[in-house]
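*Asks:* Residue numbers (my numbering), protein chains in the order written: chain A, 1 to 113; chain B, 1001 to 1113.
Because the hints were derived from the structure by calculation, they are not lab data. Even glycine gets a Cβ: it sits at the ideal position worked out from N, Cα and C. Wrong hints could be hidden among the right ones.
Claimed, not checked - Computed list of lysine to aspartate or glutamate pairs in EDC-like fashion (alpha-carbon distance at most 16 Å, straight line):
id : chain 1 : residue 1 : chain 2 : residue 2
1  : B       : Lys1070   : B       : Glu1024
2  : A       : Lys105    : B       : Asp1038
3  : A       : Lys49     : B       : Glu1100
4  : A       : Lys105    : B       : Asp1059
Unchecked claim - Computed beta-carbon distance windows for the label pairs:
id : chain 1 : residue 1 : chain 2 : residue 2 : range
5  : A       : Pro79     : B       : Gly1016   : 49 to 59 Å
6  : B       : Lys1101   : A       : Glu66     : 18 to 28 Å
7  : B       : Ser1007   : A       : Gln45     : 12 to 22 Å
8  : B       : Val1052   : A       : Gln96     : 15 to 25 Å
9  : B       : Gln1056   : A       : Tyr27     : 18 to 28 Å
10 : A       : Thr55     : B       : Ser1067   : 40 to 50 Å
11 : A       : Leu56     : B       : Gly1016   : 52 to 62 Å
12 : B       : Phe1012   : A       : Ser39     : 21 to 31 Å
13 : B       : Pro1039   : A       : Glu64     : 22 to 32 Å
14 : B       : Val1112   : A       : Leu56     : 43 to 53 Å
15 : B       : Gln1017   : A       : Asp54     : 43 to 53 Å
16 : A       : Glu66     : B       : Phe1012   : 42 to 52 Å
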Amino acid sequence: AQSVTQPDIHITVSEGASLELRCNYSYGATPYLFWYVQSPGQGLQLLLKYFSGDTLVQGIKGFEAEFKRSQSSFNLRKPSVHWSDAAEYFCAAYLQAGTALIFGKGTTLSVSS
Amino acid sequence: DGGITQSPKYLFRKEGQNVTLSCEQNLNHDAMYWYRQDPGQGLRLIYYSQIVNDFQKGDIAEGYSVSREKKESFPLTVTSAQKNPTAFYLCASSQGGAGEKLFFGSGTQLSVL
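So here's chain A without its partners, still in its complex pose (with noise of 0.2 Å):
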């Protein structure tokens, strides 16, 4: 079944260290490719997309997020951490024309100081 994964549940990063969070799908072809962030009890706020060309996409806030095809993954970066990062990250795709967004179960960042 096509799928997105986030296989982290729950990471916490100290202030000022870096940032990988992991995301992978399951799709014989290219998707679009979506990091967002949710704060509690909110919406969703868009960091980035990805749609073809190059594989390093810039994002808001600093974020960042490389598409490897051959890993048929988005994974998410950030330098340094800030602690108003900490909220819940949600990798998303299309998998298919004429379908809506599919999402992940997403990845709860804390932040310590």
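Using the hints provided, position chain B relative to the given structure of chain A.
*Replies:* Same frame as chain A, but now just chain B:
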């Protein structure tokens, strides 16, 4: 300001009762979506509509109904057939093309009395 408005923010349902969640957008978007969010489950698609007077079932449509009589409105009814309705419900909209960014409302928390 353009955006998506969900109301109410909190909603309580009694046993056997139908309740309707409102979603309005003034972004002139063609497509609208309803997602259900449960802790640890990510966002699961309930229904989506790519054009007025047309909508499709998502992965968990049972116990829910929608209508799309106007471009700007996509109300979701949680029927008495939905036995576990307690969740956070998110409405979203997009231009409708493949890979288009979703804009999210701030959500409705539905609880059962």
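*Asks:* Regarding Val1052 of chain B and Gln96 of chain A, is the given constraint of 15 to 25 Å on their beta-carbon distance met?
*Replies:* holds (23 Å)
*Asks:* Does the alpha-carbon distance linking Lys105 of chain A and Asp1059 of chain B stay inside the 16 Å limit?
*Replies:* Holds, because 14 Å separates the two Cα atoms, which is no more than 16 Å.
*Asks:* Indicate whether the distance between the beta carbons of Val1112 of chain B and Leu56 of chain A respects the range 43 to 53 Å.
*Replies:* At roughly 46 Å between Cβ atoms, Leu56 of chain A and Val1112 of chain B fall inside 43 to 53 Å, so the hint holds.
*Asks:* Holds or violated: are the alpha carbons of Lys1070 of chain B and Glu1024 of chain B at most 16 Å from each other?
*Replies:* The given pair, whose Cα atoms are some 10 Å apart, holds under the 16 Å limit.
*Asks:* Pro1039 of chain B and Glu64 of chain A, beta-carbon distance inside 22 to 32 Å?
*Replies:* holds (28 Å)
*Asks:* Has the given pair, Lys49 of chain A with Glu1100 of chain B, been kept, meaning a C-alpha gap of at most 16 Å?
*Replies:* Judged against 16 Å, a Cα distance of about 10 Å means the pair holds.
*Asks:* Is it true that the C-beta distance of Thr55 of chain A to Ser1067 of chain B lies inside 40 to 50 Å, as the hint says?
*Replies:* Holds, at about 41 Å.
*Asks:* Is 18 to 28 Å right for how far apart the beta carbons of Lys1101 of chain B and Glu66 of chain A are?
*Replies:* The hinted range 18 to 28 Å holds for Lys1101 of chain B and Glu66 of chain A, with Cβ atoms some 20 Å apart.
*Asks:* Is it true that Glu66 of chain A and Phe1012 of chain B lie within 42 to 52 Å of each other by Cβ?
*Replies:* holds (44 Å)
*Asks:* CB of Phe1012 of chain B to CB of Ser39 of chain A, is that within 21 to 31 Å?
*Replies:* Once the Cβ atoms are compared, 24 Å apart, the range 21 to 31 Å for Ser39 of chain A and Phe1012 of chain B holds.
*Asks:* When you take the CB atoms of Leu56 of chain A and Gly1016 of chain B, is the distance between them in 52 to 62 Å?
*Replies:* holds (53 Å)
*Asks:* Regarding Ser1007 of chain B and Gln45 of chain A, is the given constraint of 12 to 22 Å on their beta-carbon distance met?
*Replies:* The hinted range 12 to 22 Å holds for Ser1007 of chain B and Gln45 of chain A, with Cβ atoms some 20 Å apart.
Of the numbered hints listed earlier, not one is contradicted by the structure.
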